[in-house]
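Following our numbering, the numbering of the sequence shown begins with -17 at its first residue and continues without gaps.
Keep in mind that the hints were calculated from the coordinates and are not lab data.
Quick reminder that beta carbons are idealized off the backbone N, C-alpha and C, glycines included.
Check the hints yourself; a few may be wrong.
[Said to hold, decoys possible] Here are the computed distance ranges between Cβ atoms for each label pair:
#1 GLU60 <-> GLN91: 15 to 21 Å
#2 SER1 <-> THR55: 23 to 29 Å
#3 ALA(-12) <-> ILE80: 45 to 51 Å
#4 LYS35 <-> ILE80: 17 to 23 Å
#5 GLU32 <-> ALA10: 18 to 24 Å
#6 PHE90 <-> GLN14: 15 to 21 Å
#7 THR55 <-> ARG11: 45 to 51 Å
#8 ALA(-13) <-> SER31: 16 to 22 Å
[Unchecked claim] In silico lysine to any residue, SDA-like type, Cα no more than 20 Å apart, as pairs:
#9 LYS(-14) <-> THR36
#10 LYS(-14) <-> GLY46
#11 LYS(-6) <-> ASP83
#12 LYS(-14) <-> GLU58
#13 LYS(-6) <-> ILE80
#14 LYS68 <-> THR25
#15 LYS(-6) <-> GLY16
#16 LYS68 <-> ARG29
#17 LYS(-14) <-> PRO53
#18 LYS(-6) <-> GLU63
#19 LYS35 <-> LEU(-5)
#20 LYS68 <-> LEU105
#21 LYS45 <-> PRO81
#22 LYS35 <-> LYS45
#23 LYS(-6) <-> SER15
#24 LYS(-14) <-> GLY98
#25 LYS(-6) <-> ASP64
#26 LYS45 <-> LEU(-5)
#27 LYS(-14) <-> LYS68
#28 LYS45 <-> LYS(-14)
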Amino acid sequence: MTDKAAVLNIRKLCVGAESLDDLRDWQARRLQSGGPLWHRTRTWPRRHSEIIKTGGSLYWIIKGAMACRQPITGFEAESHEDPNEKPYCRIILAPELIPTDPWPHRPFQGWRYLPGTEAPPDLPESANGDNLPPELTAELRALGIW
-17 MTDKAAVLNI RKLCVGAESL DDLRDWQARR LQSGGPLWHR TRTWPRRHSE IIKTGGSLYW
43 IIKGAMACRQ PITGFEAESH EDPNEKPYCR IILAPELIPT DPWPHRPFQG WRYLPGTEAP
103 PDLPESANGD NLPPELTAEL RALGIW
């Protein structure tokens, strides 16, 4: 097990998803079509080898809350039609979505690094079905009630 402080992650908005279930459904359809799970980004993370070496994850932000993480298994180039363009980066993802304690998060463009010490903890498996919706939990936290 890697020290949480040493782990380097990425955080990314999950645009278009209304809930964690939406993301699960989209990815299940992707897996049924036989393709691997990946997310395309224009900019390669300069620290991609560190993310792989430390066992980093992609933390998905859904409707203003960091709701889950997905282990990153690799990075690969995706070429454009124009050979003069710099290739996109595919972030290759493991199939499991791991719900996290929903932390409120402001929107931003692109992706950002997320040190392990700043990442929300995973939710215990027993709590996955018993929690409030992540958006409500995030709002309660932002108000200092939770």
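Now for the hints, and whether the structure bears them out:
{"no.": "1", "hint": "GLU60 <-> GLN91: 15 to 21 Å", "result": "holds (19 Å)"}
{"no.": "2", "hint": "SER1 <-> THR55: 23 to 29 Å", "result": "holds (24 Å)"}
{"no.": "3", "hint": "ALA(-12) <-> ILE80: 45 to 51 Å", "result": "violated (19 Å)"}
{"no.": "4", "hint": "LYS35 <-> ILE80: 17 to 23 Å", "result": "holds (20 Å)"}
{"no.": "5", "hint": "GLU32 <-> ALA10: 18 to 24 Å", "result": "violated (30 Å)"}
{"no.": "6", "hint": "PHE90 <-> GLN14: 15 to 21 Å", "result": "violated (31 Å)"}
{"no.": "7", "hint": "THR55 <-> ARG11: 45 to 51 Å", "result": "violated (20 Å)"}
{"no.": "8", "hint": "ALA(-13) <-> SER31: 16 to 22 Å", "result": "holds (18 Å)"}
{"no.": "9", "hint": "LYS(-14) <-> THR36", "result": "holds (9 Å)"}
{"no.": "10", "hint": "LYS(-14) <-> GLY46", "result": "violated (24 Å)"}
{"no.": "11", "hint": "LYS(-6) <-> ASP83", "result": "holds (16 Å)"}
{"no.": "12", "hint": "LYS(-14) <-> GLU58", "result": "violated (25 Å)"}
{"no.": "13", "hint": "LYS(-6) <-> ILE80", "result": "holds (15 Å)"}
{"no.": "14", "hint": "LYS68 <-> THR25", "result": "holds (9 Å)"}
{"no.": "15", "hint": "LYS(-6) <-> GLY16", "result": "violated (24 Å)"}
{"no.": "16", "hint": "LYS68 <-> ARG29", "result": "holds (18 Å)"}
{"no.": "17", "hint": "LYS(-14) <-> PRO53", "result": "holds (14 Å)"}
{"no.": "18", "hint": "LYS(-6) <-> GLU63", "result": "violated (26 Å)"}
{"no.": "19", "hint": "LYS35 <-> LEU(-5)", "result": "violated (24 Å)"}
{"no.": "20", "hint": "LYS68 <-> LEU105", "result": "violated (38 Å)"}
{"no.": "21", "hint": "LYS45 <-> PRO81", "result": "holds (14 Å)"}
{"no.": "22", "hint": "LYS35 <-> LYS45", "result": "violated (30 Å)"}
{"no.": "23", "hint": "LYS(-6) <-> SER15", "result": "violated (24 Å)"}
{"no.": "24", "hint": "LYS(-14) <-> GLY98", "result": "holds (5 Å)"}
{"no.": "25", "hint": "LYS(-6) <-> ASP64", "result": "violated (27 Å)"}
{"no.": "26", "hint": "LYS45 <-> LEU(-5)", "result": "holds (8 Å)"}
{"no.": "27", "hint": "LYS(-14) <-> LYS68", "result": "violated (33 Å)"}
{"no.": "28", "hint": "LYS45 <-> LYS(-14)", "result": "violated (26 Å)"}
Hints 3, 5, 6, 7, 10, 12, 15, 18, 19, 20, 22, 23, 25, 27 and 28, counting from the list given before, are not met by this structure.
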